[in-house]
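Asker: These are the residues of each chain, in order.
Protein chains: 2
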Amino acid sequence: MQMLIDLSIPEQPENLLKLVKSCEDVLRLGVRTGHPRFFNQISCGLDLVSMAGEWLTATANTNMFTYEIAPVFILMEKSVMTRMWEAVGWDPEKADGIFAPGGAIANLYAMNAARHQLWPRSKHLGMKDIPTLCCFTSEDSHYSIKSASAVLGIGADHCFNIPTDKNGKMIPEALEAKIIESKKEGLTPFFVCCTAGTTVYGAFDPLERVANICERHKLWFHVDAAWGGGMLLSPEHRYKLAGVERANSVTWNPHKLMGALLQCSACLFRQDGLLFQCNQASADYLFQQDKPYDVSYDTGDKAIQCGRHNDVFKLWLMWKSKGMEGYRQQINKLMDLSAYFTRRIKETEGFELIIENPEFLNICFWYVPSKIRNLEPAEIKARLEKIAPKIKAGMMQRGTTMVGYQPDKQRPNFFRMIISNQAITREDLDFLIKEIVDIGESLE
Amino acid sequence: MQMLIDLSIPEQPENLLKLVKSCEDVLRLGVRTGHPRFFNQISCGLDLVSMAGEWLTATANTNMFTYEIAPVFILMEKSVMTRMWEAVGWDPEKADGIFAPGGAIANLYAMNAARHQLWPRSKHLGMKDIPTLCCFTSEDSHYSIKSASAVLGIGADHCFNIPTDKNGKMIPEALEAKIIESKKEGLTPFFVCCTAGTTVYGAFDPLERVANICERHKLWFHVDAAWGGGMLLSPEHRYKLAGVERANSVTWNPHKLMGALLQCSACLFRQDGLLFQCNQASADYLFQQDKPYDVSYDTGDKAIQCGRHNDVFKLWLMWKSKGMEGYRQQINKLMDLSAYFTRRIKETEGFELIIENPEFLNICFWYVPSKIRNLEPAEIKARLEKIAPKIKAGMMQRGTTMVGYQPDKQRPNFFRMIISNQAITREDLDFLIKEIVDIGESLE
Numbered sequence: 001m002q003m004l005i006d007l008s009i010p011e012q013p014e015n016l017l018k019l020v021k022s023c024e025d026v027l028r029l030g031v032r033t034g035h036p037r038f039f040n041q042i043s044c045g046l047d048l049v050s051m052a053g054e055w056l057t058a059t060a061n062t063n064m065f066t067y068e069i070a071p072v073f074i075l076m077e078k079s080v081m082t083r084m085w086e087a088v089g090w091d092p093e094k095a096d097g098i099f100a101p102g103g104a105i106a107n108l109y110a111m112n113a114a115r116h117q118l119w120p121r122s123k124h125l126g127m128k129d130i131p132t133l134c135c136f137t138s139e140d141s142h143y144s145i146k147s148a149s150a151v152l153g154i155g156a157d158h159c160f161n162i163p164t165d166k167n168g169k170m171i172p173e174a175l176e177a178k179i180i181e182s183k184k185e186g187l188t189p190f191f192v193c194c195t196a197g198t199t200v201y202g203a204f205d206p207l208e209r210v211a212n213i214c215e216r217h218k219l220w221f222h223v224d225a226a227w228g229g230g231m232l233l234s235p236e237h238r239y240k241l242a243g244v245e246r247a248n249s250v251t252w253n254p255h256k257l258m259g260a261l262l263q264c265s266a267c268l269f270r271q272d273g274l275l276f277q278c279n280q281a282s283a284d285y286l287f288q289q290d291k292p293y294d295v296s297y298d299t300g301d302k303a304i305q306c307g308r309h310n311d312v313f314k315l316w317l318m319w320k321s322k323g324m325e326g327y328r329q330q331i332n333k334l335m336d337l338s339a340y341f342t343r344r345i346k347e348t349e350g351f352e353l354i355i356e357n358p359e360f361l362n363i364c365f366w367y368v369p370s371k372i373r374n375l376e377p378a379e380i381k382a383r384l385e386k387i388a389p390k391i392k393a394g395m396m397q398r399g400t401t402m403v404g405y406q407p408d409k410q411r412p413n414f415f416r417m418i419i420s421n422q423a424i425t426r427e428d429l430d431f432l433i434k435e436i437v438d439i440g441e442s443l444e
Numbered sequence: 001m002q003m004l005i006d007l008s009i010p011e012q013p014e015n016l017l018k019l020v021k022s023c024e025d026v027l028r029l030g031v032r033t034g035h036p037r038f039f040n041q042i043s044c045g046l047d048l049v050s051m052a053g054e055w056l057t058a059t060a061n062t063n064m065f066t067y068e069i070a071p072v073f074i075l076m077e078k079s080v081m082t083r084m085w086e087a088v089g090w091d092p093e094k095a096d097g098i099f100a101p102g103g104a105i106a107n108l109y110a111m112n113a114a115r116h117q118l119w120p121r122s123k124h125l126g127m128k129d130i131p132t133l134c135c136f137t138s139e140d141s142h143y144s145i146k147s148a149s150a151v152l153g154i155g156a157d158h159c160f161n162i163p164t165d166k167n168g169k170m171i172p173e174a175l176e177a178k179i180i181e182s183k184k185e186g187l188t189p190f191f192v193c194c195t196a197g198t199t200v201y202g203a204f205d206p207l208e209r210v211a212n213i214c215e216r217h218k219l220w221f222h223v224d225a226a227w228g229g230g231m232l233l234s235p236e237h238r239y240k241l242a243g244v245e246r247a248n249s250v251t252w253n254p255h256k257l258m259g260a261l262l263q264c265s266a267c268l269f270r271q272d273g274l275l276f277q278c279n280q281a282s283a284d285y286l287f288q289q290d291k292p293y294d295v296s297y298d299t300g301d302k303a304i305q306c307g308r309h310n311d312v313f314k315l316w317l318m319w320k321s322k323g324m325e326g327y328r329q330q331i332n333k334l335m336d337l338s339a340y341f342t343r344r345i346k347e348t349e350g351f352e353l354i355i356e357n358p359e360f361l362n363i364c365f366w367y368v369p370s371k372i373r374n375l376e377p378a379e380i381k382a383r384l385e386k387i388a389p390k391i392k393a394g395m396m397q398r399g400t401t402m403v404g405y406q407p408d409k410q411r412p413n414f415f416r417m418i419i420s421n422q423a424i425t426r427e428d429l430d431f432l433i434k435e436i437v438d439i440g441e442s443l444e
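Those sequence lines, one after another, are chains D and U. If you're matching positions, the first sequence starts at 1 in this note's numbering and goes up one per residue. If you're matching positions, the second sequence starts at 1 in this note's numbering and goes up one per residue.
No lab work stands behind these hints, which were simulated from the structure alone. Treat each hint with caution, since some may be false.
Identical copies look the same in the list; a pair holds intra-copy or inter-copy alike.
Said to hold, decoys possible - In silico DSBU-like pairs for lysine-lysine, Cα to Cα no more than 35 angstroms straight-line:
#1 LYS184 - LYS386
#2 LYS18 - LYS128
#3 LYS333 - LYS21
#4 LYS183 - LYS381
#5 LYS184 - LYS21
#6 LYS381 - LYS94
#7 LYS184 - LYS128
#8 LYS178 - LYS128
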């Protein structure tokens with residue numbers, strides 16, 4: 001790669017022609033994440049309206065921390081969040097939220113706020129001055145929950161992984177048992193994370209049942225809907241998140257299912273005020289209180305960040321262009337494609353689904369090449385570990401398509417198909433199946 | 001504002017003409033942060049090459065966590081950081097770093113890594129299992145240091161503010177006294193932050209002397225050069241950061257002095273490896289280890305974030321277009337303008353500098369309207385508190401220029417002029433002085 005393009009910073013200015021050539025090289029050598037046959041990531045696709053929004057964002061180049069320098073964008077953030085609060089099922093008059101640089105930081109915001117509500121002393125005196133906290137998330141949840149626990153000084157080992165059932169959903173009984181056990185061990189439970197759309201299997205944890213447990217034990221109830229949040233915009237499919245309105249906080253990344261450009265991620269709170277109390281640093285030298293407008297519009301004191309990129313314009317513009325109805329159709333169409341792909345996998349020889357009936361846009365499967373199908377099960381399993389990486393390497397060499405794989409628990413490497421790009425057609429899905437068979441059968 | 005533009009998200013799609021009209025309104029009603037008479041923020045200006053870079057970034061729309069999907073950009077990040085490491089004075093073969101969403105998160109990265117190096121147990125078991133930590137930063141430093149201490153579970157009150165001298169620089173003797181005192185009180189000092197370019201006064205802390213103290217007490221030495229880092233590119237002015245090469249970590253925001261679009265912020269480490277050990281979450285389901293390339297190029301396990309925006313392309317393109325020589329000239333020119341403005345302030349009646357000889361691009365001053373000049377000093381001080389806000393409100397009504405103000409310690413509200421936009425000319429500076437006099441004299 002380093003031989004194909006000169007990435008070094010020169011001593012003297014480079015002329016415009018050379019710069020334009022460099023830009024061409026950069027785009028040519030990059031991975032086409034917007035291509036409808038790029039199935040590798042949950043965030044993909046390239047919505048042109050969102051792109052135009054990002055271009056104008058760059059042109060406006062302002063900072064989201066005060067109404068003074070970003071008046072329109074601050075109001076825009078509120079307008080967009082109002083639709084998101086309504087979609088969650090909250091009263092927009094009482095709710096709060098902030099756009100964060102990605103879901104991991106959004107989850108960190110939520111856990112930090114939860115700690116602050118229960119133990120405000122921690123902000124000033126640290127964790128030594130409060131009980132030993134612990135939190136809970138499913139074993140299939142995103143690693144950022146454990147990371148947040150590490151960063152916040154709670155400790156990754158005090159974030160307990162709750163087992164999931166065969167569909168990848170958190171088992172509520174196991175959660176409650178662990179909560180009780182942790183109390184017996186002298187720990188203080190404070191936070192439970194449910195995932196709405198897990199990274200690998202796309203599973204939705206049972207929100208209502210977990211909400212009941214959180215109420216019973218007086219725990220903060222967070223829903224990491226980074227991936228699944230967009231489903232709230234489909235009246236047909238939103239039942240999968242039933243109970244989300246009982247959450248104290250919700251992470252929802254429009255740069256995933258809604259197709260906004262990276263980065264666009266919101267951390268939403270049912271209760272106004274906490275975000276401010278938790279993160280306010282009283283930096284009057286930046287956030288003056290004697291300005292000629294209502295300074296409650298300023299968001300600087302709600303953020304862990306100081307300067308904050310404008311992530312809302314591209315989402316707002318795209319959302320206006322589609323309307324609520326456009327998103328409804330887009331999400332329903334993706335769900336239909338998911339059902340189509342699942343059917344095709346089931347009927348094509350050599351494919352084996354990990355979860356028989358995927359409920360979302362993740363379809364996980366093995367491809368078992370014909371020459372190993374008749375081996376002993378243990379031998380097939382051992383061989384499978386290397387099949388998916390080899391098939392993927394073949395795709396990358398051909399440059400035709402890309403799809404992710406991973407091992408999980410006792411399962412050897414399997415493919416994780418993601419149907420998230422609004423440009424995907426049935427032909428693209430058929431192509432992927434054909435390509436996997438083609439490369440898989442040609443392996444030595 | 002809400003009457004001037006319809007910010008709501010509609011039920012049905014909006015047509016293209018209406019969308020374009022909305023975009024026009026948004027840009028028209030926004031604040032022109034790229035205008036050469038916008039002096040309100042440290043991050044301002046609008047470099048067209050950087051903007052083009054951001055546009056292409058949006059077009060490529062990829063995620064910085066793996067080489068697999070961002071091969072060029074991952075190598076580009078390394079190439080740009082190499083120049084930054086060299087500018088700091090480190091061996092690029094041994095250094096490390098990551099682009100973070102803003103200086104506050106970059107500072108958080110640094111403090112988290114410092115804790116991990118000294119007390120790796122904290123990652124797994126939390127703060128309860130290690131001594132009570134404390135850290136140090138000057139009273140004029142950015143509030144994000146205290147915030148990081150709060151977020152990490154160390155506690156804001158365990159981040160001690162060290163007094164500064166009349167030029168706004170940390171007093172090393174006061175730092176060492178506080179370190180010794182905190183040990184006597186049973187605390188465990190671990191982290192000292194020096195600021196290179198403070199937010200209000202633009203002061204540079206005495207890095208060499210603080211480095212000596214950190215060595216003596218075996219403390220992590222962090223330099224928050226978010227604002228002043230760009231000075232390292234000027235052979236004429238970089239002496240102000242002498243000793244920065246002794247730091248363990250440096251925050252440097254190219255979206256400030258270097259004029260890259262928001263957001264562009266780097267957290268640099270002298271020692272490779274720590275960032276990975278500290279933040280690795282072993283999420284093999286996302287960052288597979290059996291890929292057909294050297295997976296040490298993947299950055300996902302170094303980050304607190306999972307998905308990470310590509311902040312480097314716009315910087316790289318701009319830096320190529322200027323070369324090292326272009327930045328040298330740009331920074332020297334800004335420093336010359338700063339000296340010019342200071343001279344003009346000194347010779348214009350009614351203006352009073354807060355720090356007699358500003359050493360950077362912040363010039364802090366009062367304007368004392370003629371009708372209050374002959375009052376008693378205490379009375380002048382009381383009146384001054386309201387003068388700057390009123391003059392600024394006047395500027396905003398006229399829409400001609402913008403400059404920030406703030407109170408500090410015993411000082412009533414004063415203006416903080418920032419000369420950071422490369423488009424600024426002497427005429428713009430003359431204009432600001434004239435405008436302040438004009439509005440100031442017209443006040444009731």
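Asker: Could you place LYS333 and LYS21 in one of the four classes (within, between, both, neither) given a Cα distance threshold of 35 angstroms?
Answerer: between (39 angstroms within a copy, 30 angstroms between copies)
Asker: Since the copies are identical, ignore which copy is meant and state whether LYS184 and LYS21 lie within 35 angstroms (CA to CA) inside a copy, between copies, both or neither.
Answerer: neither (65 angstroms within a copy, 62 angstroms between copies)
Asker: For LYS381 and LYS94, with the copy left unspecified, which applies at a CA distance of at most 35 angstroms: within, between, both, or neither?
Answerer: Close neither inside one copy (53 angstroms) nor across copies (41 angstroms); limit 35 angstroms.
Asker: First find the shortest C-alpha distance between LYS184 and LYS386 inside one copy, then the shortest across copies, and answer within, between, both or neither for a cut-off of 35 angstroms.
Answerer: Result: close neither inside a copy nor across copies, 44 angstroms intra and 58 angstroms inter.
Asker: At most 35 angstroms between alpha carbons: which applies to LYS184 and LYS128, within, between, both or neither?
Answerer: both (20 angstroms within a copy, 18 angstroms between copies)
Asker: How do LYS18 and LYS128 come out at 35 angstroms by Cα distance, when the copy is not named: within, between, both, or neither?
Answerer: neither (57 angstroms within a copy, 56 angstroms between copies)
Asker: Is it within, between, both or neither when you check LYS178 against LYS128 at 35 angstroms Cα-Cα?
Answerer: both (24 angstroms within a copy, 21 angstroms between copies)
Asker: For LYS183 and LYS381, with the copy left unspecified, which applies at a CA distance of at most 35 angstroms: within, between, both, or neither?
Answerer: Neither, since 40 angstroms and 58 angstroms both go past 35 angstroms.
Of the hints listed earlier, those the structure fails to meet are numbers 1, 2, 4, 5, 6, in rising order.
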